[in-house]
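S.K.: Listed below are the residues making up each chain.
There are 2 protein chains.
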Amino acid sequence: MGFDMTTAFRSDLPAPSGAWAAPPRFSFVGGHNDGDSIPFTGLAEAAVTAIRRDGRRLATYNLGGSPLGHQPLRDFIAGSLSTRAGLNCDLDEILVVSGSLQALDLVNAAMLTPGDVVLIEEATYGGMLSRLEAAGVEPIGIALDDHGLRIDHLDSVLDDLAARSIKPRYLYTIPTVQNPTGTVLPRERRQQLLDLARRYELPIFEDDCYADLTWGCDRPPSIRSLDDASGQVIYCGSFSKTIGPALRVGYLVADPPVIRQLLALKTDAGTGAIEQLALAEYAPSHFDAHVDALMAALQAKCDAMIDALRTEFGSSVDVRAPEGGIYVWVTFPEGIDTTSLVPAAAAAGVEYNPGAAWSVDDDYGARRLRLCFGHLDLDTIRAGVAALAEVFRAETDLPIGTSQ
Amino acid sequence: MGFDMTTAFRSDLPAPSGAWAAPPRFSFVGGHNDGDSIPFTGLAEAAVTAIRRDGRRLATYNLGGSPLGHQPLRDFIAGSLSTRAGLNCDLDEILVVSGSLQALDLVNAAMLTPGDVVLIEEATYGGMLSRLEAAGVEPIGIALDDHGLRIDHLDSVLDDLAARSIKPRYLYTIPTVQNPTGTVLPRERRQQLLDLARRYELPIFEDDCYADLTWGCDRPPSIRSLDDASGQVIYCGSFSKTIGPALRVGYLVADPPVIRQLLALKTDAGTGAIEQLALAEYAPSHFDAHVDALMAALQAKCDAMIDALRTEFGSSVDVRAPEGGIYVWVTFPEGIDTTSLVPAAAAAGVEYNPGAAWSVDDDYGARRLRLCFGHLDLDTIRAGVAALAEVFRAETDLPIGTSQ
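Listed in order, the protein sequences are those of chains W and C. With the working numbering applied, the first sequence corresponds to residues 65 to 468, in that order. With the working numbering applied, the second sequence corresponds to residues 65 to 468, in that order.
No lab work stands behind these hints: they were computed from the structure. Here the structure is a predicted model, which is why all the values come from computation and not from measurement. Not one of these hints is a red herring.
Derived contacts from chain W toward chain C, CB cut-off under 7 Å, selection only:
hint	residue
1	104
2	107
3	165
4	327
5	342
All residues carry an ideal CB built from backbone N, CA and C; glycine is no exception.
Please construct the entire structure, taking both the sequences and the accompanying hints into account.
M.R.: In structure tokens:
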């Protein structure tokens, strides 16, 4: 037979991807949005207008402008961050990236060396956990409560690490609509966090990619905005959750020397220009109204999911309404292992993120799971939660009543 | 003062990017295209049509489909490769990537470990050379002649390496409109190359990103197409040079197990969907006619540049018309150092790629340079070459007559 090229590959690669399959009926994973909430008519108009006007500029890498990104888009981001996140920044503090995942990759490439210690929230984005594992670093989880990061725990961890002469590379935090818990870190804690970070010279990596979808409380100023030019915080955000995840446009905000260093690592010859052109045309006149409408739709879905969980699981479930976003974090009693239930759920047409994949500590995550509701209609949410309850009824000892 | 975040960065990073500046008047670098040749009216129509029809799918990562890329775009790529490159492939052999630079990154991530030896053409794409340096591998240059890679030299290098029990990780080659020399490897040599690769179990990484712009000869079948399912070749291509470089859409073609492994390393949550939608809508009915018109325009620019070089530099220059593409490779007599002339050229408003940045061996590259003509009009090409000759006249001993 022929040559097997994969025998020439490195031996330490992640497992190959499986064949793609359409999602099951009740797919509670993926961080998607709802087709009904995509402003595609406005985006189509914006795209045709912008390409007709600026299309000649597609001839040149970065549209012939700064590799920091299309300037009208950075203008919009600057204005939106000022209004929404209390974050005032100059255009040379903004780097447009190919989705906020690229922001994670650039910061990690700049900061992490195998063996490093980093601090993260004890439950956090699974895509960051897999990146930290690939980077060969040791994540330490900081405890969360109903308001997010527990400053007292962070303090004790930093103190303990300092006693051992270990300097963590950064704290990665999702303070506003935390992924997966849905909490929002209050302003007072943000200030306390900054005080600690200054004392321990701890860089903060603030991931605000869900923050535009805050409806349960007033959105506090971003941590970076409270930092009064001391340079302690790298900030990132995204259009994935507000406009659509299939677009790949996010942004980093940091001091210019940091941005210039991260830009040197961004060797992709620029972020897609048509998406930047379309967003820059669409967003100034439509973004705010669109996000308001999107949040109303998401809130109704969220309410339906919380209601369904309480109805179906009764006292067997501990669930707190998130302050925004597209997911709920569900906690079951001790003894439940959500990872082990994945096959039974799949057989019932249900998929979810088991808590262990979204947590530093498998024990912490074992009895938890994340359910995304952003892309599903209300009936599917209700039916899917009922199907999930069926799985738990059949597979666990939880006292779950029969549905209906 | 505040915290300097860059002190927390790794110590082995590339230099930070400088502030962006508009290019000089005679900028012969960058791999850009001409605004006049961008089919932006057609792209605008395609974008609005596709977004209006499929925009709901922007709600879901990868448009709700395979992470290999938007299927209609893969359909087009498959058809175009069959017609243009003699390469027949199934849809699960095609991975759409965020520009062919991502193809380089994915293949390098899968294959390279610091200390590895790789084979490349003695003059090759500078962006690959910088990647190989960052990967910590040792590139060995294979000699080129007027028809591309010299098979006899490759044979002797492979033989020598085998004698030292060194197995090169791959041969990276740009066989069709070689960057920077503009040659096209004849079919017979492609077959000889494959024979050698099989004998030495050498993976071939075939970068065909300029191949759609071949006008000086018939485009031979791609190396991968000659490989009869033996799996020796990973192939990549791009829309950057045919449609526009500010779009970030390229593609990899390889056997499905290779594609699935590379996909596992593509952790960007998909390539930009609006650009895929627009291209998939535009290309089937417009790509071929557009490329024909583009090539006619490029050929006129190329002729103007070759004429200008011969007129301005006379016998002091050795330049061969490329078989296509957007650049010419210029060789000066021994003793010239094009890198050292960069500042004087900049002062005259001229920038070019010094040969050393496009070569494995600095001595080989020293008396060479690359000039891109794709983005310039004919008068600017002529005036720029005259300005370049002025620089050489002032700074070197070359017997260059006075212009006009």
